[in-house]
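S.K.: Given these sequences and hints, build the entire structure.
Protein chains in written order, with numbering that gives the first Met the number 0: chain E, 0 to 334; chain G, 0 to 334; chain W, 0 to 334; chain H, 0 to 334.
Heads up, a few of these hints could be off.
Treat identical chains as interchangeable: a pair holds within one or across any two.
[As the list claims (entries may be wrong)] Listed below are the simulated EDC-like cross-link pairs for lysine to aspartate or glutamate, each with C-alpha atoms no more than 20 Å apart in a straight line: (1) Lys53 x Asp213; (2) Lys53 x Glu66; (3) Lys130 x Asp177; (4) Lys276 x Glu66; (5) Lys117 x Glu326; (6) Lys276 x Asp79; (7) Lys74 x Glu56.
Since the hints were derived computationally from the structure, they do not count as laboratory data. In this text the structure is predicted, and so the values were computed from the model without any measurement.
Number of protein chains: 4
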Amino acid sequence: MIVVLKENSNKEQLSNLVDWLKSMNIEIQFCNGVHQTVMGLLGDTAKIDIDLIKALEIVEEVMRVQEPYKSANRKFHPLDSVFKVGNTTVGGGSFTLIAGPCSVESEEQICTVAKQVKDAGATMLRGGAFKPRTSPYAFQGLRKEGINLLLEAKKETGLPIVTEIMDISHIDLFADVDVIQVGARNMQNFELLKELGKTNKPILLKRGLSSTVDELLMSAEYIMAGGNEQVILCERGIRTFETVTRNTLDLSAIPALKAASHLPIIIDPSHATGKSKFVPAMSCAATAAGADGLIIEVHNDPSHALCDGPQSLTPADFKKLAKQVNEIHNLVSKF
Amino acid sequence: MIVVLKENSNKEQLSNLVDWLKSMNIEIQFCNGVHQTVMGLLGDTAKIDIDLIKALEIVEEVMRVQEPYKSANRKFHPLDSVFKVGNTTVGGGSFTLIAGPCSVESEEQICTVAKQVKDAGATMLRGGAFKPRTSPYAFQGLRKEGINLLLEAKKETGLPIVTEIMDISHIDLFADVDVIQVGARNMQNFELLKELGKTNKPILLKRGLSSTVDELLMSAEYIMAGGNEQVILCERGIRTFETVTRNTLDLSAIPALKAASHLPIIIDPSHATGKSKFVPAMSCAATAAGADGLIIEVHNDPSHALCDGPQSLTPADFKKLAKQVNEIHNLVSKF
Amino acid sequence: MIVVLKENSNKEQLSNLVDWLKSMNIEIQFCNGVHQTVMGLLGDTAKIDIDLIKALEIVEEVMRVQEPYKSANRKFHPLDSVFKVGNTTVGGGSFTLIAGPCSVESEEQICTVAKQVKDAGATMLRGGAFKPRTSPYAFQGLRKEGINLLLEAKKETGLPIVTEIMDISHIDLFADVDVIQVGARNMQNFELLKELGKTNKPILLKRGLSSTVDELLMSAEYIMAGGNEQVILCERGIRTFETVTRNTLDLSAIPALKAASHLPIIIDPSHATGKSKFVPAMSCAATAAGADGLIIEVHNDPSHALCDGPQSLTPADFKKLAKQVNEIHNLVSKF
Amino acid sequence: MIVVLKENSNKEQLSNLVDWLKSMNIEIQFCNGVHQTVMGLLGDTAKIDIDLIKALEIVEEVMRVQEPYKSANRKFHPLDSVFKVGNTTVGGGSFTLIAGPCSVESEEQICTVAKQVKDAGATMLRGGAFKPRTSPYAFQGLRKEGINLLLEAKKETGLPIVTEIMDISHIDLFADVDVIQVGARNMQNFELLKELGKTNKPILLKRGLSSTVDELLMSAEYIMAGGNEQVILCERGIRTFETVTRNTLDLSAIPALKAASHLPIIIDPSHATGKSKFVPAMSCAATAAGADGLIIEVHNDPSHALCDGPQSLTPADFKKLAKQVNEIHNLVSKF
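M.R.: Laid out in C-alpha cells, this is it:
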C-alpha cells in the first residue's frame, strides 16, 4: 500500500498514523521527495481499511498495490482450481452445463426436466427450493420439500444438484445437495459465508447486483478463509441504467476474474438478461470469452410454461444450445 | 395491472394466460381496440411477477398500476406513522438525531461518546457491535460484548440505542436494544426480515446500495407483513459511477418515499459520502428536504481518531451541526 | 401508446389532454373499466414526449407500445441492412474487421500499421485525426493533417478508412473518408447528426457512455430521418460502478439491437475494457454473440508503444486474434 | 503523479517510459523500496493520460496526486469567483434564482412568465430556443425566433436571460444573450467548449448525465483555458438505476465542487427529478447544502400546461418556493 502525504502535514497526526500502523505490524518505508512524502506500507495490509487512511487529513492519496484477497488470488495459486462434483468436474478445461427450472414445483416436473436436460447434455441439475422474492406475497418456494424433490431427481438421473441457501438455519437440509448456491442478494451476507466456509461442499457464489469483481473475490475469500476452498464464481448481471435487459451481463468479468483468481467461473445468462430470446447469444458469447460453464433456466412444458420464469428456454431450445456452446468451447480451447 | 397483447396473438397461449390468472383469483377486463387488445387485471395483483408476464410471447407490454406494497403504502394509511422509542418519538414532525461511533470499542469509549452526543442534542445512540466487513481479515466488531457496552452507555445516559443485526441466530442478544438496524447488505435478506417481522421492536431498515425506492418499500413490507409495523426507512447512498463520494446520497428519495409511504425516513450522510467534511452540508440538505432525522457518525477523541471511520465528526463538530439542523428543521416545519 | 387515467380524474384536465392529442392528429380509444379508464392512442405517437404525459396529474401510468424509431426499426424493414464500403461489405453475414492506431501520428506510423493490419485480415483502417480528450492540455490529434495521412495509407493499401468527426464545421475535410465515426460523447449532438443525415456516407455511430439501446436507435433515426440510411451501430462500453475495466462492455446489446433493428452492429472491445489483455476474450465473445464486426486498436511498434493507448494490441496479437474471430464467426454462422 | 513499478520490471520498457516522460519535461524521482520501486513524477502532469501509464506492462499502479485542472482549481484561486450578469451577481454569497418555461413558445407566453417569475423573485429568465430532443420527430424549438422572443422578454422585465446553445454555428445568435447554457449532452462537446472559451459571456455548464465531478471541472477548464473564466457549474441529475425520479440529483456534488473549485454552483431540480411535486423539497435541500442558486422550470398557465414539461411549477408554486429558499439561504449563510 502506498500513502502519499500532504505537504507540511501535521507532525502529531503523522506520528499517530505511524504508531497505529506499527501496532498492526505494518512496516513503513519513507520516500521523501522535494514536494511529496510517500510512505510504502509493507506486511499484511489486507486488514487495513483503505477508506480509513484515505480520509485522514494529512493524506493526499492512497493506493493498494497488493490485492486484499489471498486464498482466491492467482498470484499465490497460479494453476486453475478444479473441483470434483459427483461424477463431473468443474474448472480446468471442463465445460459445466447446469440446467433446470426456476422453481421446483412437483416430483413430475423436476424429474421430467432433469431427464430432458441430462439428455440434452447438462452436467448438473439446478432448481429453486428456497426462493428469494422481492414481494412477501409471492410464492417463496417449496423449501424443504423442494430439496427432497431435487434429491429424487438426482436419484433418477444421477445428475448432481445445485440449489440456493437463504439462511444459516437451513444448512442441515443441504446435507445431500452437491453444490450450495449463494444468491446475488446474499453475496455479502458474511455470517452465512463464514458458515459455508466450515462445510466441505462446493459453493456457487453469485455476484451481487452492484458488487465489483474485487468484492466478489473478497466474498469468496470469506468462504475460503474458513477452510472451504471449493468456490465457483458466478456472474449473473449487474445493475445499470439500461432496461432492455433485466440486468447487464458483465462478460468482461470473465477475463478479469481469470487474471485475478484461479477459481472457476460460471455465467448465468438467464437471470442476467431476463429474456429467453437473448439467452442463446449470451451463452455463446460467455463460452467464447472463456467461461468454465453456464447455468441456464429450462422449463418443462412449453404449453404450461407460465409459472416458469420468462428467462426459461424450452428443453428443445436448450438441447440445440448445449450442442452449440460445446462446439464453441471445443474451438476456443484450441486457441 | 395492464397487459397489452400483441396483434394476432396465439389463442392457446392467451387461453393459458387467462386460466393461470383466474387460478390466482385475478379478474380480467378485455378492451378490444382496432389494433391492440388490452387486458386490465383486477384483484390482488401484488403476487403476480410482472417480469413473468412481460416475457410471454403474446405480450407486447405490461404495466403495474397499483403498487405491490400495501402495509407501507400511504394510500391505505394516509397519516404519517409515529413510533415511541424510549423517551423519544420518531416521525410525525419530531426530528430524530442518532449519533455515535462506527464501532463500539470499550466501555470508556462508548460511554464518553454517548455523553458527548447527548449533550450535543442527540436523541439516540448508535454504535456497531456486529460489523459487516468486506474483508474476512478485518475487525468484525466486539459482537455480544459490544451490545453489553451499548447497554451500559444507555444506562448511563438514558439514550435509546440503535445497533445492527447480521444474522437471525443473534436475535436474542438484541432483547434490550431499542431499535434494531438492518444494514444495506441485508436489505434483501428476506429470512431475516421475516424474523424481524415477528418482533415488536422498531427496525431501522437501510436501503441497499443498488436497491430502488420501490424495493426498499417491499423490504419494509416483508417486516410489516409479519405484524411489526414499526419500520424506519434509511437512505444511505446508492452505488453509481461517481467516486468523489463513497456512494451517491439520493436525497430525492425523501420526497419520493414521503409520497409513497407513511413510514418515517432517516438519512445517513456519514456512510453515503464517506468523508466527514461533506457531512454537514448533506445533513442540512437532508433536513431541508423533509427528512425525519439523521444518523451520524461521531468519534470520541480526535487526536486518536484513527480507528474511527473517516466519515466521523468530532463531538464539537457534531454539536455545531446539531444546532444547525434543528434550526433548519424548525424553519422548514413552518413552510 | 397506452395511458391509464387516475380514478375520478378532473374533467377539465382530461378534456385539455384530449384536445391536445387531437391537435397532433392522435386518435383516442377509451376503454372504461370498473376502476380504471384506459386510453389507447393511435397514430404517429413517436412525436409525443412520454415523460410529459406521465407527469400529468390525471395520469396514473403511461406505456409506449410502438417504438419511437421508424427508419431504424426492424418491424418496417425486416431484412438486415447491408452497406458497400469501398471494396468491402458491412452487415448481412460479412464480418467487418476495422483496425488501426488510436491516433494518427506520422506517415510512417499509419502506413506501417495499415499494411500490418491489412496483412492480418483487417477490412478497414481506423485512426484518430480529431481526438476528443478530457483535458484541454492533452494532445488533440493532428486534425486535418491526420486525415491526409489516413488518405495516404488508404492509397497505399486500398483499405477504406474510418475516422471520427467532432464538429459540423470540419465536414468538408471528410470528403474522401469512407466511414465517418461519431464518438460516444457526440451520440446526442443532434445538430451534428442532422448534418450527417444529409451526407451519403456510412456513419459509424458509437453508443454514449450512459445511453440506452433505445436512445442509440433514436440517434440513428436522426441520421436516417435526414435521408442517410447507412448507419452502423457501435457498442463501446457503458459507464457503471465497476472499475476493473474502464467501462462495462454490454454485449447483450447485440441480440437486443438485432431484434429491434436491421442495422449492422460493430463492437469496440478496446475502448470498452481499456486493457489490451482483455481484448481477445471480449472480441471472441462479441463475435459469438452475433456481432457484424469489431473495431480494434492496434499499435505499430511494441517497443515504442507508449503513445498508443493501453488498450492497443500489437500487430502480431491482432493477427492471431483476427484468425480466431474469423473461425468463431464461421462456426456461429452455421448455427 | 505516483507510479508504482512491478518487481523485476523489464529494463528496456522502463527506459522507454523514462525517456518518454522526460520528452514531456516531466522530472522523475525514484524511491527504491525493498519490494517496490515508486516513481514520483513532477512537472506538468496534467497532460499525461493516466490510463496510458496504468496499462503499461511494467506498471503495478498509478495515482494522480495533483488535480488535472488548474484554472478551475481552488488551490490556485482560493476565493469564490463572482460574476456580474446584467444587474445581478452570481456567486460569492448571492443567491441566484433562474426561472422560466421549458420552451419559448410565443411572445405572450414568454413575456407573461417573465413578469410572473420576476415578481416572484427570480433574478434571471430561462427558456429554451434550441431544444435538444431525443427524437428527430419532436419539436426542436423556435430556434432563432425563440432567442428574439427571449430578448423581447428581457426588454420588458430587465431580467438577464439564459438559453442553451447546441452548435458552434449558432454562436452569433447569442450576441445579446446574457448567459449561454451548455446542455448536459454537450458537456464534452470539446470543440464547442473551446469556441465558448473565446467569448466573454458567462457560461452555464451543465454536468453530463454520466460525467463525474472531475470531468465537469475538466470541461470548465476547456472554457477557461481559452480565456473565459466565467463558468457557472450546474448539477442536473446523473443517470443511475433508480427510476422513481428521471435522474438522480447528486447534491453531494455541491460540497465536493465547493472544495475543489472556486466556481459558483447552480442546481437544476426540475430536470433532475422530472416531477414538479419533488421540485420544492429538492430546491430547499440544494439551498441548505450551500448551492449558489437554482434553475427552475415554471410554466405560464396551469390550465393549458400540457406542452410545458412535467417538471414545471406554476407561477404561484414558484413564488411560494422562492420565498422559502431565500429564507433557507439566509439561515445557512449565518452558519
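S.K.: My question is about Lys117 and Glu326: at a cut-off of 20 Å on alpha-carbon distance, are they close within one copy, between copies, both, or neither?
M.R.: Within one copy only: 17 Å inside, 29 Å across.
S.K.: Between the shortest in-copy and the shortest cross-copy C-alpha distance, which are at most 20 Å for Lys74 and Glu56: within, between, both, or neither?
M.R.: between (34 Å within a copy, 16 Å between copies)
S.K.: If the cutoff is 20 Å on CA atoms, where do Lys53 and Glu66 land: within, between, both or neither? Let me know, please.
M.R.: both (17 Å within a copy, 16 Å between copies)
S.K.: At most 20 Å between CA atoms: does that hold for Lys276 and Glu66 within a copy, between copies, both, or neither?
M.R.: between (38 Å within a copy, 19 Å between copies)
S.K.: With identical chains treated as interchangeable, where does the CA-CA distance between Lys130 and Asp177 reach 20 Å or less: within a copy, between copies, both, or neither?
M.R.: within (18 Å within a copy, 31 Å between copies)
S.K.: With identical chains treated as interchangeable, where does the CA-CA distance between Lys53 and Asp213 reach 20 Å or less: within a copy, between copies, both, or neither?
M.R.: Both: 18 Å inside a chain and 18 Å across chains, each within 20 Å.
S.K.: Given identical chains, is Lys276 near Asp79, meaning Cα to Cα at most 20 Å, within a copy, between copies, both, or neither?
M.R.: So Lys276 and Asp79 pass the 20 Å test across copies only (18 Å; inside, 33 Å).
No hint from the list above goes unmet by this structure.
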